[in-house]
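Letter by letter, the chains look like this.
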Amino acid sequence: MFQHDVIVVGGGLAGLRAAIESSALADTAVISRVHPLRSHTKAAQGGINAALGNAEGGRDDTPDRHAFDTVKGSDFLADQDAVELMTRMAPECIFELEHWGCAFSRTDEGKIAQRPFGGAGFPRTCYGADRTGLYLLQTVYEQSVKRKIKQYQEYFVTSLIIDEGSCRGVIALNIKTGELVPIAAKATILATGGAVWIYSISTNSMINTGSGMTIAYRAGVPLKDMEFIQFHPTGLYPTGLLITEGARGEGGYLINSKGERFMERYAPKAMELAPRDIVSRSIQKEIDEGRAFENAYVHLDLRHLGREKIMTRLPGIRELCLLFAGLDPIDKPIPIRPAAHYTMGGIDCNSNCETPLKGLYAAGECSCISVHGANRLGGNSLLDCVVFGKVAGEKAAKFAKSLPSRTDEQLIESSLEREQKRVEALQKGNGTEEPTALRDEARLILTQKVGMFRSGTDLEAALDQIRRLRRRFSQLRPINLDRVFNLDLIRTFEVEATLELAEIITASALARRESRGAHVRLDFPQRDDENFLKHTLAHYAPTGPRLDYSEVKISRYKPEARKY
Amino acid sequence: MTKRKEDEIALTVLRYDPKESGEPYYQTFTVKATKDTTVLDALFQALENQDHSLAFRYSCRSAVCGSCAMFINGWHRLACSTLISQVGRDIIVQPLPHMPIIKDLVVDLTLFFEKYEVVKPYVVPTRPLPEKEWIQSPKDRRKIDLSTDCIMCAACYSSCPSVWTGKKYLGPAALLQAYRFAADSRDGIIRDRLGVVGSEDGLWRCHTIFNCTEACPKSLNPARFIETLKRTTTKETLKARIPFLR
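Residue numbers (our numbering), protein chains in the order written: chain X, 1 to 564; chain D, 1001 to 1246.
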């Protein structure tokens, strides 16, 4: 049987950073459904925030200013103790990555280069061209190789092993052999990434289906603030592929079909560099009000930046445009529209990354501490991964070391048996429903009714439709029985997660009768601090999520009107 | 064969199932394609609508994760960034050539990643760490330009005749990584590194065939980095052997 002090589920930036920290103190292994170098971190482009003050115009930046911008960006829903911890730890964490060899771009003086990003008072976003995620993932992967950290590559975790209110490890499907195996651990860190592939127009990797969130949820851990879905302003039309905020950070314009820089109307001071929720809604309004090209997209114009700047600062964007849109942004504007990008919500945990379930930790996009509140600032998600990956690794390792060594083989045996039965039942399928068809319907419902602009009527209709899809899921066709690399089975697990999350997101959104950050209710257009300055908690119940609420930690920054 | 409709293409995939222990075979799927359809999209259509047992790797669909390198109409390509309109309406997809097949289009990359680990793929500083970042001039940063952009898709490795004939040869991707760390101003063990890549299974097995360069879906040029390493190794060897060159 496989057994470790600490296991980390997920091989992206948060997971590997956690494993590096944990491995210094405890026997640690990483479990990942894809080779860690295929993780979604690699697709991050623009950069990672830290108040280093390296850029011209950024000299007066401080962790406090970073914290304020983050809290204001979050529409005051972030927990301020966690935000302050993150922004204080940011500089040391970035220097550490740099010492490990991360290929940051440089200022003329040879320091880490920084660029302006949305919602930030200073140029604070450290970058490596527009491939920051690639460079960061390489760096932490390299360090995990150096430390010889054990990896379970291409293992898909299907459930947690639970004993008397503690997490004792996971059951995982070895994708290459088809075997279900228990991996026991004294502490388990979930770093499984986000979920917004469950929207039909998304910037995300196809593996971001949120299945990691749902395994915690089914074990009784609440999912927090799931109604807050970030839409990135600039998804390439029509695929939704990410065009970095760095393109606007470097000076790109948003232009409608009348040739106007329309952000003047919505955020006259910050213009294109307003926070993402505001820019995305502005673009959608332009589209809805008939000032878009082909009624579908607006332009991101980089032409005035010139060839040199595009080639050195945004080479990846140019490559994406050439490959997927057949145009060169040096000569032509880029067609873009908002696309689902990030789950602000996630597995409920505190700033020690501890979930309510003993022995279970969460870090990165799958977690909700919350440092992003109702709207995340660009450049803060990679930072979240690095800082709280480190925190989770340390806390989990110390916790594991404090426990006596003990393997309850009977518990593991029975957990495995239960999971084998569940999988067999899932595969047996005595109906005719096509899992991917259910998924496609759910993705469309979410996009159309649980998108940037929501209303009570739409949300109620969506909830009803999603519940019907969930019922249909119990009448699946037989699922493929192959052992080796059974995509049909893995994708069925994912559809199960998709439908579950769709219901949670929609129910949470319906209950939040206010507009805050990325969650906008046309029937409740104002922020309502009196009733809704609180976190939503969705608890598992067989009949659908049970909602309650928890307090937001407010220390220095009192809620104020959010103007840019 | 029924006549294909205007919006249909023929997607022929090499199938291999280890449990059957039989020979690999080809299967042709008829799938729909528009001008934006990629080979990866086509594979998903085949998987979802026609054969639930088809196996291939995928993730980012934006040409950066490196999962879906395949052999498409005789070229090393990423399935996600290859538009049907670029390759025609009769498409043959095979797994990366010269690699052990796990199932269908999924190949075993164990050896590929083992060789990557041989070159110590991480910066090893030998000076005391600074309080903040290392100062690295833009000129020094440029020395590692492009060599940092490899996505480890293994296309180059699969295309290299020296890899085909010498199973121990490190191959273009690992050697590119070796260059990336040897050329980094923060690294302090260049002599060790040159020792590793200068070994019997290292860079002298590269015969500058440039298949790697042609195969790279990120338009990188591993052969150039290998050549630079060869020059540096030669210089260092001469310096060590001939006293007046030191």
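Rather than coming from a laboratory, the hints here were simulated on the basis of the structure. Treat the hints with care, since some could be wrong.
Unchecked claim - For each label pair, taking beta carbons as the anchor points, the in silico distance ranges come out as: (1) D:GLU1006 / X:ASP440: 16 to 26 Å; (2) X:LYS358 / D:ILE1209: 33 to 43 Å; (3) X:ARG59 / D:ASP1192: 37 to 47 Å; (4) D:ILE1190 / X:ASP440: 17 to 27 Å; (5) D:ILE1209 / X:ALA219: 48 to 58 Å; (6) X:LEU25 / D:ASP1140: 20 to 30 Å; (7) D:ASP1145 / X:LYS428: 21 to 31 Å.
To be verified - Only pairs whose alpha carbons sit at most 25 Å apart, straight line, appear in this in silico PhoX-like list of lysine-lysine: (8) X:LYS150 / D:LYS1019; (9) D:LYS1218 / X:LYS332; (10) D:LYS1143 / X:LYS309; (11) D:LYS1218 / X:LYS309; (12) X:LYS176 / D:LYS1019; (13) X:LYS146 / D:LYS1019; (14) D:LYS1035 / X:LYS146; (15) D:LYS1139 / X:LYS111; (16) X:LYS148 / D:LYS1167; (17) D:LYS1132 / X:LYS111; (18) X:LYS269 / X:LYS534.
Don't be surprised by glycine CBs; every beta carbon is placed ideally from N, CA and C.
For each hint, the structure was consulted:
1. Under the hint 16 to 26 Å, the C-beta atoms of D:GLU1006 and X:ASP440, about 24 Å apart, fit the expected range.
2. The hinted range of 33 to 43 Å is not satisfied by X:LYS358 and D:ILE1209, whose Cβ atoms lie roughly 58 Å apart.
3. Checked against the hint of 37 to 47 Å, the pair X:ARG59 and D:ASP1192 passes, with Cβ atoms roughly 40 Å apart.
4. Roughly 53 Å separates the CB atoms of D:ILE1190 and X:ASP440, a value that falls outside the hinted 17 to 27 Å.
5. One distance hint, 48 to 58 Å for the beta-carbon pair D:ILE1209 and X:ALA219, holds here, with the actual separation near 54 Å.
6. For X:LEU25 and D:ASP1140, the hinted distance range of 20 to 30 Å is not satisfied, since their beta carbons lie about 35 Å from each other.
7. As the Cβ distance of D:ASP1145 to X:LYS428 is approximately 54 Å, the hint placing it in 21 to 31 Å is violated.
8. Pair hint X:LYS150 plus D:LYS1019 does not hold up; C-alpha atoms about 28 Å apart against a cutoff of 25 Å.
9. Distance check on the hinted pair: D:LYS1218 and X:LYS332 sit about 22 Å apart at the alpha-carbon level, within 25 Å; holds.
10. A threshold of 25 Å between alpha carbons decides the hint, and for D:LYS1143 with X:LYS309 the separation of about 19 Å falls inside it, so the pair holds.
11. Restraint check for D:LYS1218 and X:LYS309: satisfied, since their Cα atoms lie roughly 20 Å apart, inside the 25 Å limit.
12. With a C-alpha separation of about 12 Å, the suggested pairing of X:LYS176 with D:LYS1019 holds against the 25 Å cut-off.
13. Distance check on the hinted pair: X:LYS146 and D:LYS1019 sit about 36 Å apart at the alpha-carbon level, beyond 25 Å; violated.
14. Taking the CA atoms of D:LYS1035 and X:LYS146, the gap is near 45 Å; set against the 25 Å cutoff, the hint is violated.
15. Annotation: proposed proximity of D:LYS1139 to X:LYS111 holds, straight-line Cα distance about 12 Å (limit 25 Å).
16. The straight-line distance between the Cα atoms of X:LYS148 and D:LYS1167 is roughly 24 Å, inside the 25 Å bound, and the hint therefore holds.
17. With a CA separation close to 9 Å, the supplied pair D:LYS1132 and X:LYS111 stays within the 25 Å bound.
18. This hinted pair does not check out: X:LYS269 and X:LYS534 have alpha carbons roughly 29 Å apart, beyond 25 Å.
Of the numbered hints listed earlier, those contradicted by the structure are 2, 4, 6, 7, 8, 13, 14 and 18.
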